[in-house]
Amino acid sequence: MSDEHDRQDGAGPLEIEVEGLRKSFGRRDVLKGVSFCVPRGGFLSIFGPNGAGKTTTLRVLATLLAASGGSVKVAGHDVREDPMPVRRAIGFISHNAMLYPDLTAQENLRFYADMYGVEDREARITELLERLELSARRYDVVRTYSKGMRQRLAIARAVLHRPRVLLLDEPHSGLDPRAVDILDGLLTEIRDEHTFVMVTHNIAKGLEWGTDLMIIEGGRIAYEHAAGVDHESFSAVYREHVHDGSVM
Amino acid sequence: MKKLVSAPALFIGAGAFLIVGLMLGFWWAPVDSSSMGFSQKIFYYHAPIAETSLVAFGVAFVAAIMYLRTQDLRWDRLGYVSIRLGLLFAILVMITGMIWGKASWGTWWAWEPRLTTFLLVCFLYAAYWVLRSVVDEEQRRATYAAVFAIIAFIDVPITWFATRLMPEGLHPAVITSGGTGMESSMFASFMISMVGMTLLLAALIRRDLQIETLKDQVTDLKTSLGG
Amino acid sequence: MSGWAQFKAIVRKDLIRELRTRDMLVSMILFVLLAMVIFHWAFTVKGQTDLTYFTGGMLWVTFIFAMLLGLNRSFAQEKDEHCLDGLLLCPVDRVTIFLAKTVGNLVFLLIIQAVAVPVFALFFIERSLIGDLPPFLVVLLLADIGICSLGTLLATISMNTRSRDLLLPILFLPLIVPLLVAATSATTLVFADGAGFGTVASRILFILGFDAVFLVAAWGTYDFAIGE
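Residue numbers (my numbering), protein chains in the order written: chain A, 1 to 248; chain B, 1 to 227; chain C, 1 to 228.
None of these hints come from the bench; they were simulated from the model. Just so you know, even glycine gets a beta-carbon here, dropped at the ideal spot from N, CA and C. It is possible that some hints are incorrect.
[To be verified] Think about it this way: if two alpha-carbon atoms lie no more than 25 Å apart in a straight line, the pair counts; the simulated SDA-like pairs of lysine to any residue are:
no., chain 1, residue 1, chain 2, residue 2
1, C, Lys8, A, Thr104
2, C, Lys79, C, Gly220
3, B, Lys222, A, Arg27
4, C, Lys79, C, Phe123
5, C, Lys8, A, Met84
6, B, Lys222, A, Arg22
[What the hints assert, rightly or not] Partner residues aside, some chain A positions facing chain B, computed with beta carbon under 10 Å:
no., residue
7, Ser24
8, Gly26
9, Arg220
10, Phe234
11, Ala236
[As the list claims (entries may be wrong)] Residues of chain B clear of chain A, computed beta-carbon distances all greater than 10 Å:
no., residue
12, Ile12
13, Ala14
14, Gly15
15, Val20
16, Ala47
17, Trp75
18, Leu92
19, Ile95
20, Arg132
21, Val134
22, Ile154
23, Thr198
24, Arg207
25, Thr213
26, Val218
Based on the sequences and whatever the hints tell you, model everything.
Take a look at the structure:
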């Protein structure tokens with residue numbers, strides 16, 4: 001996957017290109033040279049033990065973290081040289097909702113819409129709140145929301161500006177079943193024409209969605225495969241590399 | 001592996017200038033005709049130390065800018081070595097200043113421009129060290145330290161002007177706009193001491209840099225061996 | 001999505017947040033009023049001490065310490081909910097964030113001062129101040145700008161360190177001394193002697209210079225202060 005810059009199935013141009021990505025925090029080397037690509041419309045599922053560098057990779061892609069070495073391009077722009085167009089093109093969903101608890105859903109979304117320059121702001125907010133079944137709580141402050149509701153609102157925040165690339169950091173964790181359904185429904189809806197990178201401990205979800213699979217271990221890629229691997233064989237490989245308790 | 005101690009030439013040069021300057025100051029230049037008398041001679045120490053500490057902070061200022069541009073930790077090392085020395089010199093300025101003050105005005109302390117400025121300078125750069133001590137991660141620590149070193153250095157001349165907004169103090173102005181106010185022999189001794197002190201700073205920075213580099217190399221080795 | 005629209009969005013967001021909860025504002029106002037009362041007791045030596053020439057000092061020391069409390073609060077929130085990440089993900093110039101935060105803090109400081117100054121005049125100043133307001137207000141606004149811009153820059157740094165709350169005063173106070181000196185002496189001259197613009201002009205210019213220099217410095221370094 002890292003060598004093929006023209007995929008045989010005609011998946012098209014590359015939306016994400018990572019070459020020799022290194023990241024150190026002081027003397028601790030968290031990423032030791034990671035290279036991979038994701039074509040437009042692709043869905044990369046990243047697995048790995050805790051501390052392997054998965055979230056770090058995602059944060060570098062999101063321009064939240066500066067790499068110590070290597071090159072990273074998202075949506076055709078280098079994340080270090082040209083971060084603005086990258087930021088416009090990505091949406092980030094993590095287990096931190098990144099919502100202001102003392103503001104209402106309406107105010108939170110309005111704020112982000114203004115920051116991203118979303119033109120049809122009110123219509124878009126209404127549409128998303130309906131889709132995520134939060135319309136009834138539109139004018140309530142987020143502090144009063146349950147965790148599942150906050151996650152749903154966070155999804156709205158992330159897709160508000162219609163980003164081409166979605167970065168997901170364990171999006172299913174901590175969600176109630178209804179929220180999981182809503183999230184999956186939304187992902188299905190926007191699946192085409194969007195590119196995804198998802199870090200997850202949930203093998204079932206990772207396999208269900210991913211067109212490409214990757215295991216990161218100790219700051220390096222330990223395993224990568226285009227999808228089409230069945231659950232059992234992947235679980236075996238997974239157990240080999242990941243020793244902590246993950247959802248099978 | 002480079003030699004541990006910097007080229008002895010720098011230290012010898014510094015020593016030579018300082019000793020000559022001191023000897024000239026004490027035996028050749030005349031005793032000051034103003035009320036201060038013999039105690040004025042501390043000036044041959046005091047002013048060069050003051051100037052040198054500011055030079056050290058200036059070096060740190062430049063190093064900070066370079067670090068922010070290049071992200072190279074070596075600039076950070078130069079920065080904190082310079083500031084450490086600058087702070088040491090600044091404390092010496094205060095001490096020699098207080099001694100001079102006691103000898104010529106009879107009090108250990110006076111809220112006048114120079115002493116006050118250096119007092120604040122000491123606080124400023126002490127804050128730099130506190131900042132460094134509460135950030136664990138190397139790059140971030142260097143970044144924050146660099147930002148503060150830049151802001152702090154800009155504040156030094158501003159503080160200097162501010163202290164002059166207060167009523168004039170007892171400190172005699174040495175270099176006035178009319179001239180140096182010193183006889184030529186005093187001036188020569190003074191300049192020689194000045195050069196000597198600056199050379200001393202350069203020698204110390206160089207030596208400290210090498211020591212710190214070695215320290216970092218040892219830590220790196222320990223990490224890779226010990227895991 | 002111009003910088004101006006984003007600037008307004010951030011300022012609006014911070015104002016709504018604070019006005020809704022009011023914790024920070026109320027605490028800061030209470031703090032300032034309490035400080036004034038304490039000053040009276042702290043400085044009264046025998047019977048009725050005349051504090052006329054202490055007015056500038058008391059006022060500005062109080063405001064500066066109140067700001068230190070407020071700055072910590074406003075950034076702590078941003079950090080705790082990881083909202084700062086959300087903000088940094090947006091395609092916004094880091095300098096825009098700096099300016100918006102500074103202006104937000106400035107608004108809070110002005111609100112507090114609007115309450116504190118009349119009370120202060122009531123406690124400590126015998127004569128009518130109406131005629132002296134113009135020079136005082138100019139000094140007030142300019143000094144506020146310096147305090148808020150420097151404070152915002154330093155709070156951004158200190159909130160990311162281990163000892164958040166304790167670090168900010170240590171970094172801030174030595175740097176703000178020149179501003180404090182100018183503002184204090186200008187204010188005292190106005191309140192105690194009824195000085196006009198002419199007398200305090202040099203101090204006003206100094207504060208203006210201070211503001212300009214540090215705004216430029218913060219502009220240049222904020223990117224580094226807020227990034228990771």
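Do the hints match the structure? See the list:
1. Lys8/C <-> Thr104/A: 18 Å, holds
2. Lys79/C <-> Gly220/C: This hinted pair holds, its Cα atoms lying about 23 Å apart.
3. Lys222/B <-> Arg27/A: 11 Å, holds
4. Lys79/C <-> Phe123/C: 39 Å, violated
5. Lys8/C <-> Met84/A: The hint holds at about 19 Å.
6. Lys222/B <-> Arg22/A: Distance ~22 Å between lysine 222/B and arginine 22/A Cα, so the pair holds.
7. Ser24: 8 Å, holds
8. Gly26: 4 Å, holds
9. Arg220: 17 Å, violated
10. Phe234: 31 Å, violated
11. Ala236: Not OK, violated: alanine 236/A not within 10 Å of chain B, min 29 Å.
12. Ile12: 38 Å, holds
13. Ala14: Holds, because the least Cβ-Cβ distance between alanine 14/B and chain A comes to about 35 Å, which exceeds 10 Å.
14. Gly15: 38 Å, holds
15. Val20: Correct as stated: the minimum Cβ-Cβ distance to chain A is 46 Å, above 10 Å.
16. Ala47: About 41 Å separates alanine 47/B from the closest Cβ of chain A, which puts it past 10 Å; holds.
17. Trp75: Holds, since 16 Å exceeds 10 Å.
18. Leu92: For leucine 92/B, whose nearest Cβ neighbour in chain A is about 33 Å away, the distance exceeds 10 Å, so it holds.
19. Ile95: 36 Å, holds
20. Arg132: Holds, since 13 Å exceeds 10 Å.
21. Val134: About 15 Å separates valine 134/B from the closest Cβ of chain A, which puts it past 10 Å; holds.
22. Ile154: 26 Å, holds
23. Thr198: 34 Å, holds
24. Arg207: 25 Å, holds
25. Thr213: 15 Å, holds
26. Val218: 12 Å, holds
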